[in-house]
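Quick note, the sequences are listed as chains A and B, same order.
Counting in this note's numbering, the first sequence runs from 1365 upward without gaps.
Counting in this note's numbering, the second sequence runs from 3 upward without gaps.
Just so you know, these hints were derived from the structure itself, not from any lab.
A hint or two may mislead.
As the list claims (entries may be wrong) - So, partial list: chain B residues that the calculated Cβ filter (under 7 Å) puts toward chain A:
hint, residue
1, V23
2, T25
3, L47
4, F51
5, T61
6, V65
7, E118
All C-beta atoms, glycine included, are put in the ideal place defined by N, C-alpha and C.
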Amino acid sequence: MKLVIIGGQKIAYYLARMMISKGYHVYIVNKDPRACESLAKNLSAVVILGDGSKKSVLDQLDLSGEDLVVLLTNTDRDNLIISQMLRHYYGVERIVTLVNDPEDIEIFHRLGVKAAVSPTNLLLQTIQGLLLVDEMEEFSPVEEGRLVFLRLEIPRTSPSAGKKLKDIPLPTNCVIGAIIRNNAVVIPRGETELLAEDRVMVLCEPAVQSQVIKLLVGE
Amino acid sequence: MKKAESLYVVIAGCGRIGSIVATSLSVSGSNVVVIDMDETALENLPEEFTGFKINGDVTEISVLREARLDKADVLVALTGDDNTNFMVSTVAKRVFGVKRVIARVNDPSNEDIFKEFDIDIISPTRLTAMGILQELGVREA
């Protein structure tokens, strides 16, 4: 199995370096001669100079269904046509693509590319999370932002403090996975009471995050 | 397929080719929306063109929504960049459900991937080459 990285400058370099250190055979395609030169000098990877959206360039990679390809060009139209060539010509299914316009995530999903990552979206969600409340200790988008992981401290003023979990009207697309109470982990059940100063770990969809925070932390 | 007079056509790209296609369709009675990133290209459309103009990037889904692509009978992708034409064509097919999609494909080696998505292709490269060969009375190899 080989790992192919198409496009990208800094990210391509750091990603390739990490994957090489993990023992992967890394191939890099870049259309910028300067970038190729510096990548070839600093990495033990196969570096191919060329436009990754051309079949003649992709043919050089000798791809098979085993391989994993990461698309990092800075335009979604390039990443899109490359992803479709990879699927249709070489049967590559393991494709990770950078999505520049967050609205395009949906397009990639519809065209069979499930791992479509938008840095804009990830940053936006993290920023929004940090702006929400003081009690927020951690906020991380997971699964390309389709889920968020929250760690919250339950304040004394919380509308849910002292209530059993089953009595808190949490939305269905949300789950409390663990409670940290006096440094001990409590795996919660419906009968578990939520106490002030508990730290709760929550997984939910982004659509309900504000509602969940309001219920657990308060206004 | 409806008669040409009543078609709703969205045209991506208002270069020389896009401008001729847009104007002719508009004159023949179709409802035409032309999209181009370059504002002067839109301003240069002749007076006979009575359709709508949208100044925007055809690879942005919000621009395509503004063009009411979901209501279009036909999308024609005519920019000079194959990758742009591929994106707008596949989005028209798979996201907006446009029945008929026609795309300009400049690099013949890209034709197969367009065909995979049931996109009708027009190749200026091939057409020009064929025209020249025809003039010379030579058959295409």
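Contradicted hints - numbers only: Per hint list: 1, 2, 3, 4 and 6 violated.
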